[in-house]
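Undergrad: Here's the letter readout for the chains.
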Amino acid sequence: METKQIRDTIAMIDEQHLDIRTITMGISLLDCIDSDSHKACEKIYDKITRCAENLVPVAEELENEYGVPIVNKRITVTPISLIAAAATDTDSYVEYAVTMERAAASLGVDLIGGFSALVQKGYQSGDRKLIASIPDALMATSRVCSSVNVGSTKTGINMDAVAEVGEMVKALADKSPLKCMNFVAFANAVEDNPFMAGGFHGVGEADCVINVGISGPGVVKRALEKVRGKSFDIVSETIKKTAFKVTRIGQLIGTQASERLNVPFGIVDLSLAPTPAPGDSVAEILEEIGLESVGAPGTTAGLAMLNDAVKKGGIMACEHVGGLSGAFIPVSEDAGMIKAAENGNLNIEKLEAMTAVCSVGLDMIAVPGKTTASTISAILADEAAIGVINNKTTAIRVIPVPGKDVGEEIDFGGLFGRAPIMRVNQSSPAAFIGRGGHIPAPIHSFKN
Amino acid sequence: MKIIITVVGNDKVGIVAAVSQKLSELQVNIIDMSQTLMHGSFTMMLMGELNAEADFASIKKELSTVGEQIGVSIHVENQELFDAMQNI
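Heads up: the protein sequence lines correspond to chains A and B, in order.
Last residue of the first sequence: 448 in my numbering, with the numbers rising by one and none dropped.
Last residue of the second sequence: 88 in my numbering, with the numbers rising by one and none dropped.
With the rest of the complex left out, here is chain B (with noise of 0.2 Å):
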C-alpha cells in the first residue's frame, strides 16, 4: 500500500530528520518527498510504501506521537484518496 504523509508546523531544527528516522524504524520506504514553506509554516508531504504485512493504524499512530513530541501535525492517508479525488 502507498501512503500520503503530511507534516505541517512551524519550522525547526531536526522535523525532517525525527520523521524520516520513525520512517525507517517502522520499515517504511521512502518513495517521493517534498517541503516547503507554504505562508511561514513548515510542509512536508512524503509518499510511502507499506510492505504487505505492515500495519497501517498502528503506523499511523506512532506517526502521529512523533508529530506530538516535535511540535507538528503529522497526517497519514492511504494514497488512493488522493488519486480518486483529483484524477479521472
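Here chain A stands alone, though its shape is the one from the complex (with noise of 0.2 Å):
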C-alpha cells in the first residue's frame, strides 16, 4: 500500500472538495410522442419514472461506497419541441414541463434537462410553441431546466430565434428573475451534456445513457500551490497530472452506476466546475498562477492554458470524452468571480473574451432590469458568434433583475451563489437585432 497516495487521495475528497457534480440518465422521449398531449404527457412521466428509478438510490450506494460526494442526481431528456409537435390539441407546453417536474420530484432528482427547441438553421411547428412556452413553464416548476440552440458551425445563426429569445427572456425575468437561471441559449449544443442548464438528450443518442460531469477547481488549486514561480510549462503539467486524477474518478462512477443500472455509459464531462464555497473557484486558480485578480490582462491567456491541459489530462483517463468538457466561469457560483466583478476588475467583455477560449459562455452573469430586449439578443448573438466561428459551444444565460441597477446584486441561494449586477454597454443594438433573419455559416464549415 502507498500510504502518500491514500492520504493524498483522501485530502482530495476531504479538504479540496473533489467530487462528482453530476450524474445525469439521459433518456429518450422518441417513443412518448402521440398526438394527444395528455396521452404523451402520461407516456412520459411512465418513461423517465420506469427508467430512473433506481438512478438516486444507486448514486447513494456508490456516494458512500466510494466517499465521493456526488453532488446532483440529474436527467435530461429529448428536446419537448421534437416530442410536443405531433399533439395537435394545445399551442402551451406547460403540460410537458409540469409532467418533466412531477417525475422528478417523484424520483428525488435535483434537475430535469430538456425543455429545449433546436432551431438553429429554422423552426419546426413546435419550436415556437415551446420558446413561447418557457417563462410559463419555468414558473410552474422548479427543477425543470430549459434551452434553445440558436446557432452551429455548420448552419449559422438564426437572427429571428436570437430576438425571440431576447424578449423571452425579457418576459421571464419579469416574472422572476431568479428562473432566469433555469434557462440558458446555446451555440453548438452538444447532446450529451450533463450539466445544466442545458443538458438535453440528444436524438442521435441511445435510448437510455449514463453520463457523469466532475468537478474539482479546489483539486487543482491545491496542486499548483506547490508549484509556485515555477514556468508555465510545469504549471500545465501539473494541470494535466490532476486533471488525470479527477477524471479516473469520473470514469470509475460512471461505470459502476452504468453497472448498477444496467444502463449503457455514455461520456465523462471534463469540466472544472466551481462552487461558491472557498477554494473551489476557478478564479482562484488563475490567480494562483500569477494574476492578482481575475480579469486582469492575462487572464484570457491563462484560462487558455488550463482548459486544454484540463482536457489534456482527463482525456486518457477515461473511455469517452463528451459533455461540454473545459472550465467553467459562471460568475455568481464562482466566489472569486463575484469578487472580480464586485472590485471592478471583472467585466462583460473581458468575460466574453474568456469565453472564446474556455467552455460555455457568459453564465450566471446579473445584469441591470432596465436592459433590454435587444441588448440581451445582441450579447447573445456576439457569443453564438465566437462559437460558430471557433467550433466550439457558446451559451448565454444571463439575469436582468428588474428594478436593480449596478451596485446592487441577487441572491440565487445555495450552489447557485450570489451575482453583483454588472455594467453593460449602454449603447443601442435594436436596429441590429431588428432586421432578423439568419446569419450563414462560415466559410470553413463547408468541409466536404
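Among the hints, erroneous ones may be present.
[Claimed, not checked] Pairs of lysine-lysine residues, derived as BS3-like cross-links and limited to a Cα-Cα distance of at most 30 Å, are as follows: (1) A:K226 to A:K339; (2) A:K4 to B:K22; (3) A:K240 to B:K22.
[To be verified] Take a look, some chain B residues computed to stay more than 10 Å from chain A by CB distance: (4) G9; (5) V13; (6) S24; (7) V66; (8) G71; (9) E80.
Source of the hints: derived by calculation from the structure; they are not laboratory data.
Since the structure is predicted, the reported quantities are computational estimates derived from the model, not experimental observations.
Ideal Cβ positions, reconstructed from N, Cα and C, are used throughout, including at glycine.
If you follow the hints, you should be able to join the two separate chains into one complex; please do so.
TA: Put into C-alpha cells, the structure is as follows:
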C-alpha cells in the first residue's frame, strides 16, 4: 500500500472539494410522441420514472461506498419541442414541463433538462410554441431546465431566434429573475451534456444512457500551490496530472453506475465546475497562476492554458469524453469571480473574451433590469458568433434583475451563489437585432 | 470487496487494539496494514476484505462510531477508488 497516495486521495475529497458534480441519466422520449398531449405526458411520466427508478438510490450507494460526494442526480430528455410537435390539441407546452417536474420530484432527482428547442437553421412547428411556453413552464416548476440552440458552425446563426430569445428572457425575468438561471441559450449545443441548465438528450443518443460530470477546481488549485514561481511548462503538466486523477474518479463512478443501473455508460464531461464555497473556484486557480485578480490582463491566456491542460490530462483517463468539457466561468457560482466583479476587475467584455477559450459562455451574469430585450439578444448574437466561428459551444445565461442596477446584487441561494449586477454597454443594437433573418454558416464549415 | 480503512488522530494507547477488535467483530479480514506518526499525528492504514454478504454501509457506520469513541477519525472506502486514481 502506498500510504502517501491514499492520504492524497482522501485529502482531495475531504479538504479540496473533489466531487462528482452530477450523474445524469439521458432518456429518449421519442417513443412517447402522441397527437394527444395528455396521453403523451402520461407516457413521458411513465418512461422517465421507469428508466430512472433506481438512479438516486444507486448514486447514494456509490457515494457511500467510494466516499466521493455526488452533488446532483439529474435527468435529461429529448428536446420537448420535437416530442410535443405532434400534439394537435394544444399551443402551450407547459403541461409537458409540469410532467417532467412531477417525474423528477417523485424520483428525488435535483434537476431535469430538455425543455428545449433546436432552431439553429429554422423553426419546426413545435419550436415557436415551446419558446413561447418557457416563461410559464419555468414558473410552474422548480427542477425543470430549458434551453434553445440558436446557431451552429454548420448552419450559422438564426437571428430570428436570437431576437425571440431576448424577448423571452425579459418576459421571464419580469415574472421572476431567479427563474432565468434555469434557462440557457446556446450555439453549438452538445447532445450529451450532463450539466444544467443546458442539458438535453440528443436524438442521436441511445434510448437511455449515463453521463457523468466531474468537478474539482479546489484540487487543481492545491496542486498548483506546490509549484509556485515555476514555469508554465510545469504549471500545465501539474494541471494535466491532476485532471487525470479527477477524471479517473469520474470514469470509475460512471462505470459503476452504468453496471448497477444496467444502462450504457455515455461520456465523462471533463469540466472544472466551481461552487461558491471557498477554495472551489476557477478564478482562484487563475490567481494562483499569478494574476492579482481574475479579469487582469493575462486572464485569457491563463484560462486558455488551464482549459487545454484539463482536457489533455482528462482525455486519457476515461473511455469517452463528451459534453462541454472545459473550465466553467459562471460569475455567481464562483467566489473569486464574484469578488472580481464586485471590485471592478472583471467586466462583461473581459468575460466575453474568456468564453472564446474555455467551455460555455457568459454564465450566471446579472445585468440591470433596464437592459433591453435587443441588448440581451445582441449579447447572445456575439456569444453565438464566437462559438460558430471557433467551432465550440458558447452560451448565455444572463439574468436581468427588475428594479436593480449596477452596484446592487441578486442572491440565488445555495450552489448558485449570488451575483453583483454588472454594467452593460448602453448603446443600442435595436436596429441590428430588428433585421432578423439568418447569418450564414462560416466558410470553414464547408468541409465535404 | 476490498476496502481501505484510514485512521488518523492524536496518538494514544489502544487505537490499534480498538480498531482491530471491531474489525474482528465485523468479520473483516485484515490483509495489509501500516502505521506511522505523520507530523505528530497517528496514521494507520489497513486493507481489509469483506465477505460477499457483508453490508458496507453498516461496517462504515460502526467503524466511524468506534472512531468517535476513541477520538480518531476513521475513513472507509472501496479500494477501487485508490486504484482508479493512482494506477493507469
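Undergrad: Against chain A, does E80 of chain B hold up as non-interface, every C-beta pair farther apart than 10 Å?
TA: violated (6 Å)
Undergrad: Are all beta-carbon distances from V66 of chain B to chain A longer than 10 Å?
TA: holds (17 Å)
Undergrad: Given the hint that K226 of chain A pairs with K339 of chain A, does the C-alpha gap stay at or below 30 Å?
TA: holds (24 Å)
Undergrad: Holds or violated: K4 of chain A with K22 of chain B, Cα cutoff 30 Å?
TA: Given that 30 Å is the threshold and the Cα spacing comes to 25 Å, the pair holds.
Undergrad: Is the nearest CB of chain A more than 10 Å from the CB of V13 of chain B?
TA: Since the minimum Cβ distance to chain A is about 22 Å, V13 of chain B lies beyond 10 Å and the statement holds.
Undergrad: Sort out whether K22 of chain B lies within 30 Å of K240 of chain A, counting only the CA atoms.
TA: Given that 30 Å is the threshold and the Cα spacing comes to 41 Å, the pair is violated.
Undergrad: Taking the minimum C-beta separation from G71 of chain B to chain A, is that value above 10 Å?
TA: holds (18 Å)
Undergrad: For G9 of chain B, is the shortest CB-to-CB distance to chain A above 10 Å, so the non-interface label stands?
TA: holds (14 Å)
Undergrad: Test the statement that S24 of chain B is away from the interface with chain A: the closest C-beta pair must be farther apart than 10 Å.
TA: Label holds. Min Cβ-Cβ 20 Å, cutoff 10 Å.
Checked against the numbered hints given earlier, this structure breaks hints 3 and 9; the rest are met.
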